Each structure stands twice: as structure tokens, then as C-alpha cells.
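**Student:** Sequence order for the protein chains is W and Z.
With the first letter of the first sequence counted as 1, position 493 gets the number 493 in this note's numbering; the numbers rise by one all the way through.
With the first letter of the second sequence counted as 1, position 37 gets the number 758 in this note's numbering; the numbers rise by one all the way through.
Straight-line alpha carbon distances no greater than 35 Å define the calculated DSBU-like cross-link-like pairs of lysine-lysine that follow:
id, chain 1, residue 1, chain 2, residue 2
1, Z, 872, W, 705
2, Z, 872, W, 345
3, Z, 872, W, 691
4, W, 439, Z, 758
5, W, 705, Z, 758
6, W, 504, W, 472
7, W, 345, Z, 758
8, W, 508, W, 554
9, W, 691, Z, 758
10, W, 345, W, 439
If you're looking for bench data, these hints aren't it; they were derived computationally from the structure.
Model, not experiment: these values are computed from the prediction.
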Amino acid sequence: MAETHYESGGSSADFDLSQFYQIFFEEAGENLDLMEQMLLSLNLETADDEELNGIFRCAHSVKGGAATFGFSDVAELTHQMESLLDKLRRHELMPNAAMVDVLLESADASRGLLACHQSGNVGQGPATANLVSRIRSLVSGETPPVAVVRPPEAPKMAPTESPAVPQPVPAVAPVASGGLRHLEIQFTKLDQPTQADAIVELFRDIPGLGEIKPITQENIAADARFFEVQTTSTNEDLLDLFAFHVSREHVAIADMSTSGASAGAQESAGAQAVTTEVSTAVAAQGFGFFDGAPGLPQSLVPESSVATSPIAEAGSTKVLQSVAKAPLVSNAQPEAATIRVAISKVDQLINLVGELVITQAMLAQNSRALDPAVYQQLLTGLTDLDRNTRDLQESVMSIRMIPMSIVFSRFPRMLRDLASKLGKKVDFVTQGEATELDKGLVEKITDPLTHLVRNSCDHGIESPQDRVLAGKPETGTITLSASHQGGSIVIEVRDDGRGMSRQKILTKARERGLDVSDQMSDAEVWQLIFAPGFSTADVVTDVSGRGVGMDVVKRNIASLNGTVEIESSEGYGMKVSVRLPLTLAIMDGMSVGVGNEVYILPLSSVVESFQVKSDAVSTVGQGAQLVKVRDEYMPVIELEKVFQVPRYDSDKTSDIMVVIEADSSRVVLLVDELLGQQQVVVKNLESNYRKVPNVSGATILGDGKVALILDTGALVRRSRH
Amino acid sequence: MNDSIGMERVSDESNGKICEYLTFRLDREEYGIDILKVQEIRGYEPPTRIANAPSFIKGVVNLRGTIVPIVDMRLKFNCANAQYDAFTVVIILNLHQRIVGIVVDSVSDVMGLVPDQMRGAPDIESIIDSDAIIGLGSLGDRMLILLDIEKLMSGLDMGLMAEA
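The shape of chain W in the complex, shown without the other chains (with noise of 0.2 Å):
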């Protein structure tokens, strides 16, 4: 099942969903920590709501991720995890350890199911059947008895599930698997024979330890010390046990039950000396095989290979060695790939770099005048310079800014995949894919609009049948879409499908007590499904209908300083717009001159230019000022009045004309000069300064100066009034 997905990507050529399994790994993995953390943090007492709530979204996310990738066992079991959760901030179920340890193994498990799709051994990760059966028997409100931990079926226990019996003394633990052995303990070579006797001492104090008899045989060396233990301890925790007294080289244990020629070995001196090398060898592996699986119980360590003989242990110990090696080997590859780097050291690089463009322009500037014959080598290394500075600039620019097209292509698998199990058709239309984000807007955008996308098809979008008998085609259609407008990036998620009904929302936030009224706008009633736990839909299923995702949108886009705007027609469909503030994005820019200064217009809402003579403007009334262009009259802005820029030269007046359109109507401004288009990266004058009217943001220009991005937006507005 979970080998299909890996086909089926590769298979389908427009998309290749495994580029993002290196992201959700990332991400799935963080989301995992964190939860963690706010588990054992958790007080069971006095537990809130947010945390609550957190710990709800953290599980909610690895879940809409694994779906959305087809990890669907990692869905499964972080569906139930989140089932308990969702009862537990619903207050219906109240927190209690056992929850809290059976999370806390599950989000063990899941790590673990991750790290084996992330290294393809997809198959070999533990076992979750157990997990998912325990927390059902939690959500219906059992309490979690033996019984519940001791599943009747008995599975096939895991390693990382062994955990699961809640046994405080580790000694013990492997009682049930291990068994009693039966050993004989050589202690050789010691320097003060006294040494051996604090092991018997060992044995009396310490209880489940087991029990110890001295071995008293004529040919025994003055230094040595044999011992006949029962115990149900293994060889390494007894090796770990006696090096507080006697150093590992010194000790050698062999099983006395199975392995008759002990007897007779010992008696051999030359053979002794075997059995001490060997047992050094055990010693020193088994840090390793210690380290490397410090949960592997004494089962899966085949009875015979320990009993045997200490040679015998030795190659066993190799095999499990590098059996525990091999999987940590193929998880660094994935990993190495690509490295995680705080946003802040990336845009410290990027200022640095544009320091440097400037410093480079300044060397070039005086260079100029140096005679090339003298200083050759200098401007051939000015001129690498400017290349490389160049180039640098290029590459640190790119790390940042990556297409929406990243974030678009993840859908089409999902929306697919989960249409087919709703049992609705759906066409997925996107727009604007070009268009470039930042990639911390990026990566903070993706869930949110999965959440968004999900709704849409889950709740928007009706069934087949449903939408013949309203008089629709039979296929609905999502389109996502990603644009500039005025200042900001808004990204769409439009449906056709059934729109939200106020009547049913306004009803249930009564249900939840929440304060309504029948008077409320439309806008502020859509707002209401913003909060936490608000959900219409009438069957919780583990697409959506939990209501949580809202709460997850908002919170998430509120954190961007971003806002969200739903407008919804029952019957027709919904569209949920989410606009993001341009920072930090790269914008094609034309500048333009007006007397001295220079200002920045968005490509993107530049529609024509063209020179006029001053008697092409007639105004009208009051002397607000209109030109025609093909047979349209459009309204005139001086930039020169609206920045009240001053004027050295008198002469020189604005006659160039920009049309510029946005929020589809167009106006034009009148400027003195076009001076170039350019990429700029648009910089926030809000966060050391504050709103300038008509103006979205500064950039800094090749010179080192700062020019004013208009607003294009607010422009147009400026000119209805």
C-alpha cells in the first residue's frame, strides 16, 4: 500500500510529488517535536485550551500532511491521535497519563513510520495496530487498565512498542521475554581477588538480580574468581553492573546450561586466554550495539546464538551491529540534501551582498579614469569583481524567492485523491503560478492553503447527483490563484460549489455560545468560522470537519501580518482570498523621474506609456484633470503635486504619461522621464518608520539610494474621490 504512492508519483508526468517528501519530512518532523515538548510540559490539572489546542493543530498537521503524500499510515494513526485530542480540548474526555504516554508512543511511532518512508524502507517501520487500538479504547472513554495495554490479539510487538508495558525498572523488563539463564562468571587476572567479592555483594543488594554462588575448583589461579549466577539480566547489563568493581577485560561469562564444554574450557589455561579475548571483543562492541538499538529487548537476540559459546556472541553482536547500522546510514543521505537556515541569516546575507553591489559600482566608478596600460591587472580584477559580484547577488537573491507553482503543484495529487474518496468530480484550475513568493511566505502559506483547498472540495464543492438537480455541470471547479494587487500578494481559493449558508452558521455559534445576532453583515458572520473548533459540517470525517483548520488558517496568515477575506453566495460558491503584505517579495519594477527624485511603479499594473503635449489634458470643474486615450477618458495624476516634489529647473515640466490599472480601473500619471525597469526587492518602511499615503513600500536602487514604491492601488482610489 504504502509502495503504491512512489509509483503512482513517478508515474504521472505532469507532477512529481516526491520533491516535497524532503519538506514534509522537515516539517512533519518539527511538528512532532513540538508536540512532544508540549506534552511533557502538559499539566494534567490545569490544563488550557491553548495548549490543548496546540498540541491538537501540531497532530493535525502531520496528519493533512501525510494524506496529502499518501503516507497512509502515518494519516491513520495521527487521525486517532488527533481523535483523542479533539475530545480532550472539547473537554468531553479529561487528560490523564495514560493519554499522555500513549501520545507521546505514537508520536514515537510515527517518527518512526516517517524516518522509513524518508530512507524507502517503506514495510519495515513498528507497528501501530496496537497504538491505534489503545487510543480508540481512550476516545470511548475507557479507562486504561492492563488490559488495555495488553492487547488480547497479542500483535507482533515492534521494537520501539515494547516500551509500551509501563515497567519503571528497566532490570526487569525483559523478564518476560528473556528468561532465566543460567551462567558461569569467570573473573580473571584481578589485581585484589577481594574485588570479585563486592559482585556477590552486588547480587544481595541489588533485588530481581538474581542469585550468585561461588565456584571453588583446585586449579583456579590466586587471581581469579568463578561464579555460578542465575539471572535474567543480560551478559550486558551484567558487563555494565560489574564495571564499577572489575573492568570488563577481566570478565567473561559463558552459559552453563546449554554449553557443557564450559566446564572443561576453564579448566584449560590456553582456552581461558581465548575466552578473555573474546569477551574484549564483546566488550568493545557492545557499546555499539548498545548504542545503535537501545530498545531492541532480549527476543529478538536468538536464544541459542547467546547461550552457545562467547565466540558465538561475538558474531552475533557483529550481525546486529550493522544490522543497526544500516538504517541510520541511509537516513543521513536524505538529510544532507538540503539544510535548514534562519530566514534572519539569509536576509543578512542578502543586505551584505547589496553592500557589496555598491561598494563594487563605486571601484568601477573609479576606476574609470585610471590608464589601462599601467593598471591592467587591476581592472582585469576589478572587471572578475563585477562578474562575481554579479553572480553572487544572482544566487543569494534566488535562495529566497521560489515560484508559486511550488506550492500549486502539491495539489493536484490531493485534490484527486480526495475527490475520488468523496465521491465528487473535480477540475482544479490555478493561476498566477508565476508569481514569486518568498519562501518563508512560502512555507508558512502551504498549510493554510491546504487546509483551504480541502474545505473547498470537502465542504464546498457538493456531490454529482446534487449538482445536476441545482442546475450545474456535473464537475465542480476549484482555481486557485496567486496575483499582485495593490501592495500585496493575494492568493485565491474559489469553488462553484454550494457557498456557506449564514442561517447554519449563525446556528451553530448559538449552539457554542458564542455572542450573535441575526443583524450581523455577512462579513462578520463568515468571520465567525474562524473560531477554534467551528465547524458546520455535519459528519466529522478525516478530511475535514473538525473545524480546525479555519482556526489554523487565520492564525497562521495573522502571524504574516496577512489577512483573510471570505465572500460566499449560497448556492454559487465561496471565495476565500488571503492577502499577504508584499514584504520581503521581489517585484518587477519600472522607475520613473519626476524632477529629482525617482519613484517605482509595479510592472505588472503598468499598462502603456506615451509622450503628450500639454493641450492633450482638458479638465473638468474644479480643474480635475482628464486625458483621452483611444476614444477613453481616463483621470490624470500628477505625481509631482501628490509628492509635492520640488522643482529646481522651472522649465521642465511632466509630459509623460503611464497608464496604470488597478482594481480594474486605470488612471495615468504624469511623469517627467521612464528611466528603466528593474527587479527590486521590496522593503517595509513600516518597520522602522510608518504608512506613507500612496505609497506600499521602499527599495534600494543599484546606487545605494532609496526610492518609494507606489501604490498603485491607493492611486487609483485617490483619483474616485
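Given chain W, put chain Z in place with the hints provided.
**Tutor:** Quick look at chain Z alone, frame taken from chain W:
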């Protein structure tokens, strides 16, 4: 100077420890600001003008990729002349994670003041909001006007921040 002529010792926030102040000149007055608020000192370069801003906000400059507003303290404090020459300096301040530059005539030095050298602000009418004056520093025949630059810059009349 003693208490009888209406001066009171400044004792808050400076109990016994030396406070260091960066001193600068505006016209003939000498001011001091907390050295810890100062990020760097630069020469003056013409900023990009911002339309409809108060006259003392000269505009914004590029400080290694950050857009920083520049306030001319001489215009703010109504100094007689505000010339921009080779000696005009900009003190870049870091206040509440916001960066702002102030234009002054010159920077003198860094002074460590012990509480004994600090006097309370006299109750007089001045262009500076009296809340923004911590006190006066007395150094022999020099008088330092110690400014709470953070308060001064975040005042609404500065227009540096949006009115919440």
C-alpha cells in the same frame, strides 16, 4: 548648587552606578543620550525625501539594506541654522527594535556620569517635552541636557510611528 534652589537629585535608575552618555551638540547646546541606545555614528548623506512628512523628518536612507528614517534634531528643536557639511553626523539609534537616525551638528564624546553629577530637570518651558528630559548633567562649567531619547522619538508629534 544645592537643593534649596529647586534642584533635586536624580536618584531613580542610576543608584550609585555610572551611566554613560554619548554627548552631541545642537547649535550651542550640549545633549547627552544613553550610550546603549546608540548603534553607530555615520556621516550625513542626503536621504530620500518622503512627501507630506514633517520638515524635521529628512527622509529615509539605506543602512546596509534597512530603510531607516532620518530626523534632523536641529529642525525639531528649532535651531537657528541647519547646515549640512562634512562635519554633520547622523547618530543611528536602536530603540525598541526600531532603527532611526538623528542628525546633529557634531558628536563630542562619551561621558560617564555618577549620580552626584546629575541634577533634576528644571521646571521650565521648552520645545522639548519635559517628560523626555531625564535631567541635567553637570561637568564643571559644561551643562549636558540628558534626553530620554526613546521617549522623545516615540512621541506622537515625531510622526515616526503610525498612530495606533
